[in-house]
Amino acid sequence: MAVTPLTGTVLRMRDIRKSFLGVPVLHGVDLDLRAGEVHALMGENGAGKSTLMKILAGVYQADGGTIELAGESVAFAHPLQAQQAGVSTVFQEFNLLPERTVAENVFLGREPRRRGLVDAEKMNADTEALLTDLGLDWLTPRRRVRTLSVAGQQIVEIVKALSYDARIISMDEPTAALADEEVELLYGLVRTLRERGVAILYVSHRLKEIFDLSDRVTILKDGALVDTVATAQITPDELVRKMVGRPITSFFPDKLPGTEVGEVRLRIRGGGNDQLDGIDLDVRGGEITALAGLQGSGRTEIAHALFGVARFTRGTVELDGKPVRLRSARQAVKAGLALVTEDRKAEGLVLNQSVAANARLVLDAVLPGQAGRGAKRIPGILSSLELVSRGPDQEVRFLSGGNQQKVVLAKWLATDPAVIVLDEPTRGIDVGAKQKVYTLMRELCERGVAILMISSELQEVIGMADRVVVLRDGRIAGELPSGSDEESVMAVATGQVETA
Amino acid sequence: MTTIIKPRLMARLGSTELVYLALVGILLIGAVLVATKGGNLFATANLVDMLTRSSLLGFVALGQTFVILCGSLDLSVGYTMALCSLIGATTMAGDPAKVPLGIAAVLVVAAGIGLVNGLAVSVLKVNPFIATLGVGLIIKGYLDTNYQGPAGDVPASFQQFGYTRIGFVPLSTAVMLIAVVLGILYLRKSRTGYHMFAVGGSKDVARLSGIRTGRVIVTAHVLCSVAAGVAGLLIAARFGTGSALVYSSGYDLDSIAAVVLGGTLLMGGRGGAAGTLGGVLILAVLDTVFNLLQVDPFFKDVLRGVVIIAAVAIYARRQIDRKASRPRFGGNGGAPPEPAPTPDPAPATQGATR
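First to last, the protein sequences are chains A and B. Residue 328 in the working numbering sits at position 327 of the first sequence; the count goes up by one each step and never skips. Residue 51 in the working numbering sits at position 50 of the second sequence; the count goes up by one each step and never skips.
Just so you know, not all the hints are guaranteed correct.
Stated by the list, open to error - Partial selection, computed: residues in chain A whose CB lies under 7 Å from chain B:
(1) Pro-80
(2) Leu-81
(3) Glu-94
(4) Asn-96
(5) Gly-110
(6) Glu-112
(7) Leu-118
(8) Val-184
(9) Leu-187
(10) Leu-190
To be verified - Within a straight-line C-alpha distance of at most 30 Å, the following computed DSS-like cross-link-like pairs (lysine-lysine) qualify:
(11) A:Lys-55 <-> A:Lys-435
(12) B:Lys-190 <-> A:Lys-123
(13) B:Lys-126 <-> A:Lys-346
To be clear, the hints were calculated from the coordinates, so they are not data collected in a lab. Computed from a prediction, not measured in an experiment: that's the story for all the values here. We put the beta carbon where it would ideally sit given N, CA and C, even for glycine.
Given the sequences, and given the hints that come with them, work out the whole structure.
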């Protein structure tokens with residue numbers, strides 16, 4: 002690890018608080034950044050890392066707390082203000098124009114002019130100087146951003162940030178979309194920046210990177226600060242424990258009596274496509290199989306592959322022992338699959354239609370033969386889920402998140418599926434609705450339905466699953482039995498240990 | 002192997018080069034077809050015909066290029082043209098001394114229409130399709146109530162704008178070409194021009210970079226309407242009077258077709274005036290060729306439609322290829338990711354990638 006130059010604290014965030022729609026996301030977080038340090042920010046999904054970062058960037062405004070930049074109190078109302086004050090952020094989604102050149106992107110909005118016209122020569126020369134200075138000779142100012150790799154685009158973002166004389170650069174999972182050899186390129190740039198006294202806030206899930214790069218680590222959990230420590234003084238084990246360490250509440254219902262693990266209902270062998278490889282997966286009736294892993298590890302991609310959204314180009318899929326070809330969502334539903342999608346508003350519901358219309362959607366569209374019979378079941382399903390609405394004619398956009406999710410579940414239960422895939426089934430819903438979802442999952446198991454649950458909430462995974470299949474970088478990294486702790490799941494997901 | 006080489010070659014060519022390549026191709030095919038009927042596509046009369054056709058549409062499409070680059074659209078150009086032809090002709094009222102006044106009146110009114118369009122889109126956040134259609138309908142209503150037939154009288158001196166020729170190049174076409182060159186320079190050299198690409202590419206990125214997106218959109222709309230106004234003046238010069246009926250000649254959709262044919266993305270953010278000129282010329286050549294071949298006018302429209310769809314389908318294909326997400330695993334056998342894609346020095350792409 003490089004020697005950190007002795008320099009002062011450039012940023013001091015104190016007691017930062019933020020709520021969304023009354024739900025507190027950050028309760029009083031402190032963060033200090035020193036010039037010339039790489040400061041890692043760690044925590045599980047939903048720990049509040051992104052929110053903290055967006056407050057620093059001026060995207061969100063804190064509800065409470067203070068931010069001091071080089072001793073002066075600041076409050077950024079707009080990202081541009083933060084940028085002009087020397088705080089730049091490289092978000093996961095790029096703020097670049099793919100159709101324009103590197104130089105045009107770097108100087109966007111402040112193109113140098115001569116005699117009233119844009120001085121493209123100067124713009125290119127200045128960009129060239131910046132790039133050469135950083136040792137990025139392979140990148141030319143006139144190259145179109147579209148033609149660059151993801152890492153290249155990330156580097157353009159960083160160069161753009163630097164061109165504003167950034168003293169602080171924060172990066173949100175900069176390596177999430179990078180291939181291994183590209184990561185090295187980014188490492189090099191981060192180290193160069195550190196040597197120049199730039200403070201870098203580095204959000205990442207990957208333990209290896211934290212230990213490769215960072216000088217200090219701040220760990221968040223459930224919106225609160227756990228600790229800030231020097232990276233050299235902590236082991237990966239301790240770090241993981243600090244991230245997840247909390248008691249598992251008796252929040253999850255027990256298995257219903259009479260639930261039996263039955264035959265394999267869904268079998269994937271050697272499944273693969275652009276994003277996945279070598280997926281071997283068995284999901285048995287009466288069993289909850291959880292897919293765990295970091296964001297982008299391939300969990301949702303498996304659901305999408307089964308549903309023909311981005312289908313498997315290799316391997317075989319069997320349902321109840323019969324090989325099936327799933328080339329579209331329609332075929333998947335006909336074969337007996339159901340998918341409760343991650344994003345219910347965009348993918349699960351027609352928001353300006355009624356509860357009744359949404360609940361009948363799949364039946365009417367895909368299984369018209371059963372629509373009559375199935376529709377008769379819908380009122381019963383909805384009431385067993387304890388849906389709170391003003392009646393079947395209410396538009397679903399007026400329902401709470403939890404009740405919307407119940408409508409999505411009803412829509413799929415009406416098709417009487419053999420295998421149900423639940424992608425983040427409890428995201429953004431209240432505690433009561435969560436428990437209802439968990440109870441429903443137990444009931445389905447008792448009826449012999451096979452459940453494949455995808456979740457970023459480790460507690461949920463541990464609390465509900467009979468088996469946990471952990472994915473990493475599009476491959477199955479390991480399988481853990483029921484009763485495993487969060488730390489071992491995280492260890493496999495982050496690649497800290499290899500499980501066969 | 003050819004199937005692999007061909008798309009690569011196409012990808013290396015810029016859209017503009019591709020447009021002019023298509024133009025040359027169409028000229029050659031057209032020339033051969035006309036020759037089989039015993040004609041000569043490159044005879045002076047035919048050249049004049051093609052260029053005359055392109056001057057009117059050229060102005061309108063040039064203006065349309067600015068708004069489409071910004072991710073907007075203008076469906077009111079036809080009505081703006083008609084209104085401006087009337088304002089020009091009635092203001093001039095046969096008096097050569099009033100020609101400058103007539104031109105000034107047209108430019109002011111056109112700029113005002115553009116301002117309304119731009120504000121409706123950027124401030125009221127009305128979808129540009131609806132906003133400009135609405136403004137167009139308002140103008141149409143005004144025209145239909147106030148002008149039953151041709152009105153006004155254009156003095157002979159100004160009619161020269163419609164009929165004078167320099168060699169085989171009509172004066173109006175020469176003016177149009179100058180306007181296009183100015184448009185190209187504006188987009189490539191002015192800050193506002195740069196910002197039009199940014200706003201069309203991504204409004205959020207533009208705003209986060211401190212660009213006042215509203216101003217850029219309004220500027221584009223004003224330029225568009227003024228260009229349509231100039232086209233209106235040209236109509237007045239050709240007809241000798243102003244005419245309300247021009248609005249039914251389809252210049253609104255033709256101008257959009259020309260812009261898109263010229264390689265500008267309908268979503269905005271990529272393209273330019275040079276490509277649009279190519280698109281305009283392609284349409285003009287097609288029309289002249291169809292006329293010489295005496296193609297049935299209805300079938301002519303069918304052919305034009307096919308050409309436009311085919312062109313855009315080609316662009317869309319190119320666009321998809323470029324946007325394809327980077328696969329984590331190879332297409333066959335689950336091989337590891339493709340070899341080091343990043344630090345390729347690519348000196349070949351330096352310069353001249355416009």
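Cross-check of the supplied hints:
A least Cβ separation of about 5 Å between Pro-80 of chain A and chain B falls short of the 7 Å threshold, and the interface hint therefore holds. Hint status for Leu-81 of chain A relative to chain B: holds, with the closest Cβ pair at about 5 Å, below 7 Å. With 7 Å as the threshold, the beta carbon of Glu-94 of chain A stays out of range of chain B, its nearest partner Cβ sitting at about 10 Å, so the hint is violated. Interface restraint check: Asn-96 of chain A against chain B, minimum CB-CB distance 5 Å, threshold 7 Å, status holds.
For Gly-110 of chain A, the interface hint holds, since its Cβ comes within 7 Å of a Cβ in chain B; the closest pair sits about 4 Å apart. Restraint check, Glu-112 of chain A versus chain B: the minimum CB separation of about 5 Å is within 7 Å; hint holds. Annotation: Leu-118 of chain A was flagged as interfacial toward chain B, and the flag holds, the nearest CB pair being 4 Å apart, inside 7 Å. Below 7 Å, beta-carbon pairs count as interface contacts, and Val-184 of chain A has none with chain B, the closest being about 10 Å; its hint is therefore violated.
Contact between Leu-187 of chain A and chain B, as hinted, is not supported at the beta carbon level, the nearest pair being about 10 Å apart and thus beyond 7 Å. For Leu-190 of chain A, the interface hint is violated, since its Cβ never comes within 7 Å of a Cβ in chain B; the closest pair sits about 12 Å apart. Restraint check for Lys-55 of chain A and Lys-435 of chain A: the C-alpha separation of about 28 Å stays at or below 30 Å, so the hint holds. Of the supplied pair hints, the one linking Lys-190 of chain B and Lys-123 of chain A holds, its CA atoms being roughly 13 Å apart against a limit of 30 Å.
About 24 Å separates the Cα atoms of Lys-126 of chain B and Lys-346 of chain A, which keeps this hinted pair within 30 Å; it holds.
Checked against the numbered hints given earlier, this structure breaks hints 3, 8, 9, 10; the rest are met.
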